[in-house]
Amino acid sequence: MQIYLPIAEISVPAETIFLLGGMVGFLSGVFGVGGGFLTTPFLIFLGIPPAVAVGTQASQLVASGMSGTIGHFKRGNVDVKIGMVMLAGGILGSFIGIMIFRMLQYLGQIDFAVSLLYVVLLGSIGTLMLTESIFTAFIKKKTVRSQFNSQQVSPFIARLPYKMRFPRSKLYISALVPGSIGFVGGILASILGIGGGFLLVPAMIYILGMSTILAAGTSLFQIIFTTAAATIMHATMNNTVDILLAVILIVGGVIGSQFGIVFARVIKPSHARTILAILVLAVSIRLAMQLLLQPVELYSTVIM
Amino acid sequence: MFGGLRLLRLLLCLMGFALLIAPASAQETLTIDLASNHIDITTGFNGSHLTLYGVKEKAGEIAVVIRGPEKEMTVRKKNRVLGVWMNTEYMKFKDVPSYYDYALSKKIGFTDREELMLRENGVGINTLVFNPNDAAPDMERIRHFQEALVRNKQVHGLFPLQAKPLTFLNDNFFRVTMYLPANVPTGEYVIETLLFRKDKVIERKKTTLRVAQVGLNAQIYQFATESSLLYGLLCVFIAVFTGWLINVIRNK
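Here the protein sequences line up with chains A and B, keeping their order. The letter at position 287 of the first sequence is residue 1535 when you use my numbering, and the numbering goes up by one with no holes. The letter at position 7 of the second sequence is residue 1448 when you use my numbering, and the numbering goes up by one with no holes.
Among the clues, some could well be false.
Within a straight-line C-alpha distance of at most 30 Å, the following computed BS3-like cross-link-like pairs (lysine-lysine) qualify [claimed, not checked]:
hint	chain 1	residue 1	chain 2	residue 2
1	B	LYS1519	B	LYS1548
2	B	LYS1512	B	LYS1639
3	A	LYS1516	A	LYS1329
4	B	LYS1547	A	LYS1516
5	B	LYS1499	B	LYS1548
6	B	LYS1693	A	LYS1322
Quick caveat, the hints were computed from the structure, so don't treat them as lab data.
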């Protein structure tokens, strides 16, 4: 069934969008990732303008962030105070990200920049995940978790001003550090249409020295606000949020995530991680090919 | 003075009357009408046919040209930079019709003068020549970008590959059907019909077609553009609500 999207102003097969939402929901059910890294490239591949893909994706991230946070909140895995500092940086980052997006679009480099960033980010994360899961399959590492928590804050970070106490995370650290992590997250959300959890969580663990579980919950908590801000900014500044597209994606996601949760109970977590790593790498290779191989049509046109 | 005013009024009345009956009394040689003067883009829109009927009362050939609203287009060209393909060159073209198609009753055997006449009246693929915004002197380069623009439009079904057929139902009564694809640009379209014989245009008729979103789509579009803040907030609200709903379902 073809459906005409009012903002994207193109006709797309509704089943495909629905399935895409379902697949991303399935992934978020199994792995607890937002899945934005899959949605945006696929939407662009379906012919939806990159600006609309990213803008709409931001609203979908609000939904997946929300559903993830509630669970973490109930289990007390959210450090609201550090989250607030992060989202202050995140909202500023979103604003600047949208400015960068507009500039790249004007220069005709948005597709290139989005693809390149995806290749770099997904390629490195995917490789890390894959090597880690291969290693853990052979060698049993017992000390990984304890290493994370005993991580010493680097002297440079310790010297930064505006120190704040974050009792929930047992941290006394400059507010600039979580603020700038949130800032990077905001830029990623508004340029790539991803929550950036895969980047924020490691940063919070290694740079801030938060515990893994608290980092996951807090990052999701601040993603809601950052992506909500990005949605509103995309809607008001660029007019690129397609509500019809968002609803189909979200409904597909709700159904997909249910299957994902069931599947997560069956599959071994280590296997699941390996599959995710391969998937992430596959997407990055696909995008890298697009950059490296000579395109069939060298010319493209846009209405100014 | 009073009488002068009355006389003026009478004169005006007569002039108005003369204007009213003038078209009817003049020799009508070409009459055209669209089956529908608007294309409605609804949620289920997946392209639409457009049918034009016409009657000619003199011998001659017919050409029909349809043009979408004119836009400024940028054509970009990818080049290899450090091993990756990225846009490095561009050229801007002004006044490019966002949609173009044409039909001809006579398909072959044009004389040079006829071809010239058609070209002057904007009939045919080879009339799709646009002026680059920045007048670069390199004609070869302009030609490459120009061809790429036409090719790109053809791929998207917005420019024709060749003339559409024109069906004559009898000697004078004809019909043209054109197809507007699902990605058709919105706006006001102009359809021009020419009646020509040898290399002279005997008569021309213009009509317009409105292509616009209607119903739910139009409302969403209007809401999103006119009260974008509220629209953005609504999108966020829907997302927050659904996120919460997913959680409720999950816990059951």
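Taking the hints in turn, this is what the structure says about them:
Pair hint B/LYS1519 plus B/LYS1548 does not hold up; C-alpha atoms about 37 Å apart against a cutoff of 30 Å. Proximity of B/LYS1512 to B/LYS1639 is assessed by CA-CA distance (about 34 Å); at most 30 Å being required, the pair is judged violated. Distance hint between A/LYS1516 and A/LYS1329 is unfulfilled; the C-alpha atoms sit about 35 Å from each other, more than 30 Å. A threshold of 30 Å between alpha carbons decides the hint, and for B/LYS1547 with A/LYS1516 the separation of about 71 Å lies outside it, so the pair is violated.
Between B/LYS1499 and B/LYS1548 the CA atoms are separated by roughly 19 Å; this keeps the pair inside 30 Å, and the hint holds. Between B/LYS1693 and A/LYS1322, the direct Cα distance comes to roughly 15 Å. Compliance with the 30 Å bound is thereby established for this hinted pair.
The structure does not agree with the numbered hints 1, 2, 3 and 4 stated previously, though it agrees with the rest.
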